[in-house]
Each structure stands twice: as structure tokens, then as C-alpha cells.
Amino acid sequence: MNYNVNEKGYYGEFGGAFIPEMLYPNVEELRQNYLKVMAEPSFQEEFNQLLKDYVGRPSPLYFAKRLSEKYNTKIYLKREDLNHTGAHKINNTIGQILMAKRLGKTRIIAETGAGQHGVATATVCALMGLECIVYMGEVDIARQAPNVARMKMLGASVVPAKSGSRTLKDATNEAIRDWINNPVNTHYIIGSAIGPHPYPDMVTRFQSVISEEIKWQLKEHEGRENPDYVVACIGGGSNAAGTYYHFLHEKDVNIIAVEAAGHGVDSGESAATSVLGKEGVIHGCKTLLMQTKDGQITEPYSISAGLDYPGVGPMHAHLCKTGRAEFMAITDDDAMNAGLELCKLEGIIPAIESSHALAIFEQKSFKPDDIVVVSLSGRGDKDLQNYIDYFGF
Amino acid sequence: MNRLQQKLQEDKKLLSIYFTAGFPSLNDTVSIIEDLEKNGVDLIEIGLPFSDPLADGPTIQASSTQALKNGMTTEILFNQLKDIRKTVNIPLIIMGYFNPMLQYGVEAFCKQCQEIGIDGLIIPDLPVDVYHDEYKAIFDKYGLINVFLITPQTSEERIRYIDSISNGFIYMVSSASVTGSQSGFGDEQTAYFKRIADMNLKNPQIVGFGINNNETFTQATTYAKGAIIGSAFIKHASSEKLDTIGDFVNTILQ
Chain H
1 MNYNVNEKGY YGEFGGAFIP EMLYPNVEEL RQNYLKVMAE PSFQEEFNQL LKDYVGRPSP
61 LYFAKRLSEK YNTKIYLKRE DLNHTGAHKI NNTIGQILMA KRLGKTRIIA ETGAGQHGVA
121 TATVCALMGL ECIVYMGEVD IARQAPNVAR MKMLGASVVP AKSGSRTLKD ATNEAIRDWI
181 NNPVNTHYII GSAIGPHPYP DMVTRFQSVI SEEIKWQLKE HEGRENPDYV VACIGGGSNA
241 AGTYYHFLHE KDVNIIAVEA AGHGVDSGES AATSVLGKEG VIHGCKTLLM QTKDGQITEP
301 YSISAGLDYP GVGPMHAHLC KTGRAEFMAI TDDDAMNAGL ELCKLEGIIP AIESSHALAI
361 FEQKSFKPDD IVVVSLSGRG DKDLQNYIDY FGF
Chain B
1 MNRLQQKLQE DKKLLSIYFT AGFPSLNDTV SIIEDLEKNG VDLIEIGLPF SDPLADGPTI
61 QASSTQALKN GMTTEILFNQ LKDIRKTVNI PLIIMGYFNP MLQYGVEAFC KQCQEIGIDG
121 LIIPDLPVDV YHDEYKAIFD KYGLINVFLI TPQTSEERIR YIDSISNGFI YMVSSASVTG
181 SQSGFGDEQT AYFKRIADMN LKNPQIVGFG INNNETFTQA TTYAKGAIIG SAFIKHASSE
241 KLDTIGDFVN TILQ
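As given, the protein sequences belong to chains H and B, one line each in that order. Position 164 of the first sequence, counting from 1, maps to 164 under full-length UniProt numbering, and the rest follow consecutively. Position 44 of the second sequence, counting from 1, maps to 44 under full-length UniProt numbering, and the rest follow consecutively.
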């Protein structure tokens, strides 16, 4: 079984490039060039240098001693929360901004939900001196004021998406429309492992630095490269794609994907796409998608804005369908409690997205000598207000 | 030869109107189609509303959102159209995004279209190669013509390829834009219209996006076989009473 993308842009039956003809030249230009550009030594060198000096990589692989004691297993945390801008998102935006420059683009657009990808994009645009326009749902702008301010400080224009439900999926629609209107000078930095081919593969490759580091770091800690489990939360699935990438074809490594159950998978307010979704087409790819019987895309719900997306990346849809990954769904309540537990036991305030991944230890038992690597995809600063409201601090 | 192919052979410039089914009210579909035909429109694109119409601008998106709120579904649209061929003779095309068709079942969708008397489909997010490899045989089986888009950025090689697998008309997007987002055509568009006309394609071209009055209609049809009006008609339908459809069409054709 192959879990990587094939030459036509598919992961099994998922993926492809379901785009209007207006986008064909842009996407085709990228498809023809992305692997070539990424393979250039000068690209590799610049990318790696920035990851090291600017982002602060490698991010530590931390043995969480007290958490491990509590759950009687060996838990390692991959500390993406310590990256510049506070999450894994920057790995991808660094890669894509270098790609955009090599393709001669002068204008960058992006979509953002909670604002993390928007901030990571605005950051690299400032770094490279490129114009940056970030589309963000009107509803999200209202509830994520600090990130809106960050983007503005970094020189980006934040454009409200006023159509549809005025959240992430609508921001994505608006970014796509912008790209249709500006086909020559603009690069669209998609923030997750979604979109038309080659985006899911390109984003996955830029994020794959996460699993590349896990391998050698675990070797240092434990004398072996492969853990028994890798665990990551999934919205669109970019941190998960990067966490799994170098383990996809390692049969002895179990993969766990953690989705947001919201108020409960059957509550009508959930983002657990693997359970609630059906095969469909969204934002340019065929994947698992939450939709009505009639094929209208529905609004997901999660307390975590980063997991609040009605689809998953096509690679993850394939991992789900083939059974390569075990999918678990974690409710708001369980995630919030797991987040607070990490604060108390390890002195780390996690993003609510990452808290979903941490919550699996209450639901699933591991053997004492199992090595479980959890991607701590982001830090919790951005979620402080949510934590305050939830726990009443 | 179906109704659409016959219409394309007529010696006149064609006016095509797009409207979103279920807008402004759920049950306006049939009367809008009948009125458009009565007032001299040559061809109608019936929009199947979608929650996330990413090639469309704010006007069509808003009408789609409203249509869905009004309760429009694929099933209801097919029911509304089931007797349409008793009263309407001009070619009818359904324009919609791929996901609702995929959920209905592409073959079941095409079969319904044939039973109703739909002549063709426009599916902006179904790429040419996927259509060719996976769905062309089904479209052919039910006598449906699939219409593809080209834009000013489409390469000559790709235009030739699209022309080779088309058997109706080519939908020529007037400029790099979503629907309803520009006013007036400049030299750039005229040069593009002429460039395509000079390619002597086997399929006639109908221009869409940015046609909103007699002037743009005339500019577009100087080189092309016809022109499509969408957003401008939706705006008319949302602000005026539907009994003034004739006035709208007359201002275009004059």
C-alpha cells in the first residue's frame, strides 16, 4: 500500500485537482515546478537555514516524565509550540514563501481561521518584503482580535470574508476568488494539507521536518528511530501530515489521528469528519467532507478554531479509509481538561488543538514500555481567553 | 443533434441568461424560464445552488445562499422542471458545482436531466481530464453536452484540447475574474475575443462574466457567437418584480 501521493495527485481515491478552469494555469505552474524547486540545493539550504535560525528548529523532543508516570507509558512531546509564532504553521509558510519567490510571485494571499496561519503568513511576508493579504471570516475576526492585531502589525491587510457562514471555509473561498482575479503575480499560501494537488503534498513535505527530527531525536533518547505510536490532532491535517510522514510506511509504527468531537460526535455540533463525513469535493480536492444529503457543505463545530474545518486533507481520508491510521474523536470538555492537566504536570500551556491529542490517554491504554510521540502542535497563548472562560479563572 | 446544437447553428447572436434556481423564491423557477423564453432569450442556464460557489462573485453567492435557505435541493429542482418541455422549447443547461451532483450520483443526475429534457451541463469545478476519463461515457449515454470554460490565461494548446472534446459551445470567460466583478470591456478583452475567434475552433464560443448591458453584449458578440448574463440578471431579479423580465431583456438586446 502506498500512502504518498501518486503522479496524478491522488491518495488512493482521494485528492486530485477539482478546480475551475480559471485556476488551472496557477495550479499547473505550481504542479510542474514544486518538486523541482524543492530539490534545488539553494532552496534546501535557504529553507533549512531559516528553519534553524529564524524558526528555532529543531524543536525539542521532550520526554514528559510526570505525564508518562500518570498514564504508565512513555510519552514524548514534539515541541512545535516552541517554534517562532507559536505553532507548526511556520514550517509551511517558510517553505511556500521561498517557493513563491522562486516562481517570481510578488503578492501573497492566505486564508485563516483562528489566525495562526494568517500570522505565520504575515510573518514570512514581512521577512521577505512581499505584499500580504489574509482572508478571515467576519465571525473569526470578531473572536480572534489579538491575532488580527498581530497580522496588522506585521504589515498584512486582513480582509473580512462576509459570505456564507463567515468562518474558515468562507475565508478559503474568498482567497480562491482572489487568486482567480489575480492569476499572474499572486501565490496562494494554503495553510493546511488540503486544496488541489499539489498543495496537500507540498504542505506535507514542508511539514515533514517534524517526523524527520523525531526519528533522530528518538534515536538519541531511546536508541531507536521508530516509536510505537505517533499521535496528532487533525483539522485539515498539516501538523498530522508532518508528524506521520516518515512513519507512513513503517509498519511497526501505529498512527493515531485525533479529531474534534465538539459537544459530542452525535450532538450535531462536531468536527469529527472521519465519522460524520462522506466522500465529496471541497476547495479543490476529493476527500471526506461534512455535508448534507444534498451535497451542501455544513458548518463544523469545535471549541478549537484550528480544528473547525468541514473536511480533512486527502492523505488523511486515505489513511482513514485504508485503516492505516486509527481515528479518535475528543470532545471540547475532554480536550480542555487534558490541556489543563499538561499545565499542572509539565508546566506547558498547550493550544486547544494540541490538547485534543493529549486527551487520548484518558480513553486508550498503552503498555508501560510503549513509546508514544504526541505532536504538541501549538502553544496556548492564543487560547488564553478560551481557557479563562471555560475554567472561570 | 440536440436542441442546443441546433440553436448554435442559427444565424444570429445568442443571448443566454443564468439564474439561480430557488431565487428569489423557491417556486419561481418555471415562471422565470417561461418568461425568459417569451422575451426572446435563446438559451437558459439554470443554476443549481451550492453552499460554496468559489468561481462566483458576491451576487451569485448571495442568491445561492438565499435559494438554499428557501429550501432548494436537487430533488426539488428536478421536480419543478419535470414538465418544463410541455411549455419551453429553447435549450436548457444546468450549471452547478460538482459536489451536489456527486452526492446525487452522477449517472442518476444525468438520467434525470435526459428525462426532463435538459440539453447540457456546466460544472466549473469538474476538470476537463477527470470528465474525460471518468464521466464522458455517462454524459454521452444520456445525450448531454458538457460545456467547458476557457480564460485569457488558457494556453492555445489547452484551448485546442478543450475544443477537441467539446460538442456544443465553449464558455469563454471574459477576463481573470469571478462572476459579476467588472464593468465594461477594454482593449485587452477585445484582443482576447479576437485571438480566440481567429483560432477557428470547431465549437462556437459564448462569452460570459462581465456582460451586463447592451454595450458589453455587443462587444462580446462582435467576435463570439453569443453572450451570457448572470449576475446582472440576478440583481434585476432581486430588486425588481419578476414581471419586468421583458424590460431587462429588451435593454440588453435593444
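Source of the hints: derived by calculation from the structure; they are not laboratory data. Please note: incorrect hints may appear among the correct ones.
[Claimed, not checked] Every beta carbon over 12 Å from chain H, so not counted as near; a handful from chain B, in silico:
1. Lys-82
2. Thr-87
3. Arg-158
[Claimed, not checked] Simulated pairs of lysine-lysine, DSSO-like, Cα-Cα distance not exceeding 27 Å:
4. B:Lys-69 x B:Lys-235
5. B:Lys-235 x H:Lys-8
6. B:Lys-136 x H:Lys-293
7. H:Lys-162 x B:Lys-235
8. H:Lys-8 x H:Lys-70
9. H:Lys-278 x B:Lys-136
Computed from a predicted structure; not experimentally measured. Quick reminder that beta carbons are idealized off the backbone N, C-alpha and C, glycines included.
Hint check results:
1. No beta-carbon of chain H is positioned within 12 Å of the beta-carbon of Lys-82 (chain B); the least distance is around 18 Å.
2. A cut-off of 12 Å between C-beta atoms confirms that Thr-87 (chain B) is not in contact with chain H; the least separation is 27 Å.
3. Look at Arg-158 (chain B): its CB is around 7 Å from the nearest CB on chain H, not clear of 12 Å, so calling it non-interface is violated.
4. Of the supplied pair hints, the one linking Lys-69 (chain B) and Lys-235 (chain B) holds, its CA atoms being roughly 18 Å apart against a limit of 27 Å.
5. This hinted pair does not check out: Lys-235 (chain B) and Lys-8 (chain H) have alpha carbons roughly 41 Å apart, beyond 27 Å.
6. As the CA atoms of Lys-136 (chain B) and Lys-293 (chain H) are separated by approximately 25 Å, the hinted pair is consistent with the 27 Å bound.
7. Using a Cα cut-off of 27 Å, the hinted pair Lys-162 (chain H) and Lys-235 (chain B) holds, with the two alpha carbons roughly 18 Å apart.
8. At roughly 46 Å between alpha-carbon atoms, Lys-8 (chain H) and Lys-70 (chain H) are farther apart than 27 Å, so this suggested pair is violated.
9. At most 27 Å may separate the alpha-carbon atoms for a hinted pair to count; Lys-278 (chain H) and Lys-136 (chain B) meet this at roughly 24 Å.
The structure fails hints 3, 5 and 8 (numbered hints given earlier, in ascending order).
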